[in-house]
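Novice: Take these sequences, add in the hints, and give me the full structure.
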Amino acid sequence: MKKTMITSAVAVLLFATTALAAQQPAAAPARAAGISCIGLLNDLSLCLNFLQGDADEPNDRCCQGVKRIFAAADTTAKKQATCKCLKSAFNLVDADLYATQTLTGDCGVPLSYTISPDTDCSDIE
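Under UniProt numbering, the sequence shown has 65 at position 65, and the numbering climbs by one with no breaks.
One thing to keep in mind: the hints can contain errors.
Each computed DMTMM-like pair below joins lysine to aspartate or glutamate, with the alpha-carbon atoms no more than 25 Å apart [stated by the list, open to error]:
(1) Lys78 <-> Asp56
(2) Lys87 <-> Asp74
(3) Lys78 <-> Asp118
(4) Lys67 <-> Asp94
(5) Lys67 <-> Glu57
(6) Lys87 <-> Glu125
(7) Lys67 <-> Glu125
(8) Lys78 <-> Asp43
(9) Lys87 <-> Asp60
(10) Lys87 <-> Asp54
(11) Lys67 <-> Asp54
(12) Lys67 <-> Asp106
Calculated from the structure, these hints are not laboratory results. Owing to the predicted nature of the structure, the values given are computational and were not obtained by experimental measurement.
Specialist: Written out as structure tokens, the structure is:
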């Protein structure tokens with residue numbers, strides 16, 4: 001069963017990576033800000049079990065990836081680009097809303113906004 005779960009997670013990540021790469025106009029602001037949505041998804045892939053409700057809490061590797069994502073977002077433009085990538089990823093991997101909103105706190109990363117389909121990334125400073 002564990003192999004099936006891992007295979008499913010890899011398939012979801014592959015699909016999400018392909019879909020994000022195909023969204024050239026949406027990805028352009030992120031690239032301009034120096035944020036790679038593909039790289040962000042790679043770090044976030046370590047959290048799929050938690051984000052999709054298959055684990056009660058994020059594991060250490062997941063939290064390391066989350067910390068890398070937000071450490072790289074050190075300017076307003078990068079924070080907004082990260083937000084946009086995360087919103088796209090949220091929709092593509094069918095993430096659980098509660099898990100998405102608690103992930104950063106569970107990993108000890110303070111975040112001044114929540115990730116949801118309704119988040120207006122342009123409001124982030």
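Novice: All the hints need checking, so say for each whether the structure fits it.
Specialist: Status of each hint after checking the structure:
1. Lys78 <-> Asp56: Outside the cut-off at roughly 30 Å; violated.
2. Lys87 <-> Asp74: holds (18 Å)
3. Lys78 <-> Asp118: holds (19 Å)
4. Lys67 <-> Asp94: holds (22 Å)
5. Lys67 <-> Glu57: holds (15 Å)
6. Lys87 <-> Glu125: Judged against 25 Å, a Cα distance of about 17 Å means the pair holds.
7. Lys67 <-> Glu125: holds (18 Å)
8. Lys78 <-> Asp43: Between Lys78 and Asp43 the Cα gap is close to 16 Å, so the pair holds against 25 Å.
9. Lys87 <-> Asp60: holds (23 Å)
10. Lys87 <-> Asp54: holds (20 Å)
11. Lys67 <-> Asp54: With Cα atoms ~21 Å apart, Lys67 and Asp54 stay inside 25 Å; holds.
12. Lys67 <-> Asp106: holds (11 Å)
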